[in-house]
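Asker: Work out the full structure, taking the sequences as your base and the hints as a guide.
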Amino acid sequence: MPGLVQVLFPDPPLVRTPRRLLRWWEAHRLTYNLVVGGAGLLTLGVANALSLLPGPMHRAFFHAWPAVVVYALAANLCYSAGWIVESLVQRWLRRDTYGLGPALFRHGLVFSVGLTLLPAVVLPVAWVASLIFR
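For what it's worth, the numbering used here labels the leading residue of the sequence shown as 2, then goes sequentially.
These are calculated hints, taken from the structure and not from any lab test.
You may find that some hints are simply not true.
Estimated spans, in silico, between C-beta atoms of each pair [stated by the list, open to error]:
| hint | residue 1 | residue 2 | range |
| --- | --- | --- | --- |
| 1 | Ser131 | Glu27 | 37 to 47 Å |
| 2 | Gly46 | Leu132 | 14 to 24 Å |
| 3 | Ala130 | Pro11 | 37 to 47 Å |
| 4 | Val70 | Arg21 | 27 to 37 Å |
The C-beta atom is built at its ideal place from N, Cα and C for all residues, glycine as well.
Answerer: Below, the structure is given as structure tokens:
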């Protein structure tokens, strides 16, 4: 449990310059990519398993790769906005916002994992529905 707590509740940078905020966010990018990428591999595994079963999902797995690459790039682009948002809010409020970065990271990570796992839930439901309503 301490590892999960460290991932979801990282310590904020104490020096609050935009450069330090950027460095803090970039230090956590690998963790973000590993967690979201792991969820993506699980989703791809579900899609691959469904593509092996008879029905309308046959070979759907092989057409997913361009979307996976675009999704990974979009997720990292959104992640890159974290330090910018944190810097802008801190400048707008004219005070240090120590908890904002970790909160943005945590909520963004949970949202990204949920969005990444969504097809792993929807595809099996769609496959079962296609068998029922055939």
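Asker: With reference to the structure, classify each hint as holding or not holding.
Answerer: Evaluated hints:
no.: 1; hint: Ser131 / Glu27: 37 to 47 Å; verdict: holds (43 Å)
no.: 2; hint: Gly46 / Leu132: 14 to 24 Å; verdict: holds (20 Å)
no.: 3; hint: Ala130 / Pro11: 37 to 47 Å; verdict: holds (41 Å)
no.: 4; hint: Val70 / Arg21: 27 to 37 Å; verdict: holds (31 Å)
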